[in-house]
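**Q** Note that the protein sequences, when read in sequence, are chains W and E. The first sequence begins at 501 in the numbering used here and counts up by one. The second sequence begins at 501 in the numbering used here and counts up by one.
FYI, nobody ran anything at the bench for these hints, they're computed from the structure. Incorrect hints may have been included.
In this list, chains with the same sequence are indistinguishable; a pair is considered to hold if it fits within one copy or across any two.
Straight line, CA to CA, 30 angstroms or less: simulated DSS-like cross-link-like pairs of lysine-lysine [what the hints assert, rightly or not]: (1) Lys652 to Lys624; (2) Lys618 to Lys591; (3) Lys632 to Lys591; (4) Lys632 to Lys606; (5) Lys604 to Lys557; (6) Lys557 to Lys533; (7) Lys591 to Lys533; (8) Lys632 to Lys588; (9) Lys624 to Lys640.
There are 2 protein chains.
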Amino acid sequence: MNRKLFLAGLALVLGAGYALISFSQLRPEVLVKQRQSVMTLQGKYWYRHLRPTGQGKIPYDANLVARNVGFLDALSQMPWDGFDPSTKDVKSAALPAVYTDAAKFKEAQDRYRGEVVKLVAATKGGDEAAVKAQILAVNKACDGCHENFREKQ
Amino acid sequence: MNRKLFLAGLALVLGAGYALISFSQLRPEVLVKQRQSVMTLQGKYWYRHLRPTGQGKIPYDANLVARNVGFLDALSQMPWDGFDPSTKDVKSAALPAVYTDAAKFKEAQDRYRGEVVKLVAATKGGDEAAVKAQILAVNKACDGCHENFREKQ
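Chain W with its partners taken away, still in its complex shape (with noise of 0.2 angstroms):
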C-alpha cells in the first residue's frame, strides 16, 4: 500500500475514533451528577427569588426577575437528557417511574416547560400580577413532576 494513501487512511479512522469517543454516552454517574446540578441551579433562583416573589413574599424586583426568569429558561431545557435508561441503577432521588412511565414523565418534562415558556413571555409583558401569576403556574408544575417522579423529601 501506498505510504501516503495508509497515513490518510490512518488519519480518517483515527479522526473517526476520535469523534465517535467524542459522542459516545457518558457514563451513568456522571449524567446524574449532570441533571442533579440543574436541579441544584433551578433551586437557587427559585426558591431564594422567583417563588417569593409569586408568593408576595419578598418586593417585585423586575430587573432580578427578568434575569432568574432568563437563567430559568436555560435550565429548564438541560435536565431531560440526563435521565438515561443506563442510569436507572444509579442512587438518586428519581423513582423507578422516571423509566417505567417515560410517557408520563415526558409529559410532566413538557407541562413544566411549557409554563416556563408562558413565564419568559410575561417578563417581556412587564404586567407584575401577571408575572405573579405564571410563577405560581410553574412552581404547581414542579411540584406535578416532583410528585410522581421523585422520592419524598
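Assemble the complex: chain W is given as a structure, and chain E must be docked to it using the hints.
**A** Same frame as chain W, now just chain E:
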C-alpha cells in the same frame, strides 16, 4: 394596645422576619455546591460539543451551537456569587488566590464573561469561521482562570 393594631404590628414583624430569612446568607457548603453545579454544566456543553466544534473535530451543527451558546450565556453569569469569602474554608478545587487576590479573580471572571458575550454575538452573526474562532477565545479565557485560581486537575 388596640388588638387590631397589635395584630397588624405582629404581621409586619413576622413578614420582615420572613424576608430576612429568605435573603439571609446561604450556608457556605450550599454556595460551593451551587457554584460547582455551574462548572459541571458548563463542562457538559463545552467539552462534548462547543470546544470540539471550535477545534473542527466534529461537524458544525448551527442549531446545536446556538442552543448551547445560549445555555453558556446563562451559565457564565451564575457561579461568581458562590465564591463568597464565607466559603474559603470549604474543601474545593478553588485556590486561596480566589479570596486573597479577589480583584485579579474578578478580572478573570470578567474576561471570560466578555468572551462569552462575544460568542453570543458571533453565533447570531452566523459566520461559522467567526464562531469557531470565538469558541477558541472563550476556551483560552476558561484556561486563564483555571490556571491561576483552580487546583491542577
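**Q** If a hint holds in the structure, say so; if it does not, say that too.
**A** Hint check:
Taking the shortest Cα distances, lysine 652 and lysine 624 never come within 30 angstroms of each other, neither inside one copy (35 angstroms) nor across copies (43 angstroms). For the identical chains of this complex, lysine 618 and lysine 591 are neighbours neither inside a copy (33 angstroms) nor across copies (40 angstroms), given an alpha-carbon limit of 30 angstroms. For a Cα distance limit of 30 angstroms, the shortest separation of lysine 632 from lysine 591 qualifies neither inside one copy, at 36 angstroms, nor across copies, at 38 angstroms. Taking the shortest Cα distances, lysine 632 and lysine 606 sit within 30 angstroms of each other inside one copy (26 angstroms), while across copies they are farther apart (34 angstroms).
Taking the shortest alpha-carbon separations for lysine 604 and lysine 557, neither the intra-copy value of 33 angstroms nor the inter-copy value of 37 angstroms comes in at or below 30 angstroms. In this assembly of identical chains, lysine 557 and lysine 533 lie within 30 angstroms of each other by CA distance solely across copies; the values are 26 angstroms between and 32 angstroms within a copy. With identical chains, the CA atoms of lysine 591 and lysine 533 are at most 30 angstroms apart both within one copy (11 angstroms) and between copies (18 angstroms). Taking the shortest Cα distances, lysine 632 and lysine 588 never come within 30 angstroms of each other, neither inside one copy (36 angstroms) nor across copies (36 angstroms).
For the homomeric pair lysine 624 and lysine 640, the shortest alpha-carbon distance inside one copy (21 angstroms) is at most 30 angstroms, but the shortest distance between copies (34 angstroms) is not.
Hints 1, 2, 3, 5 and 8 from the list above are not met by this structure, while the remaining hints are.
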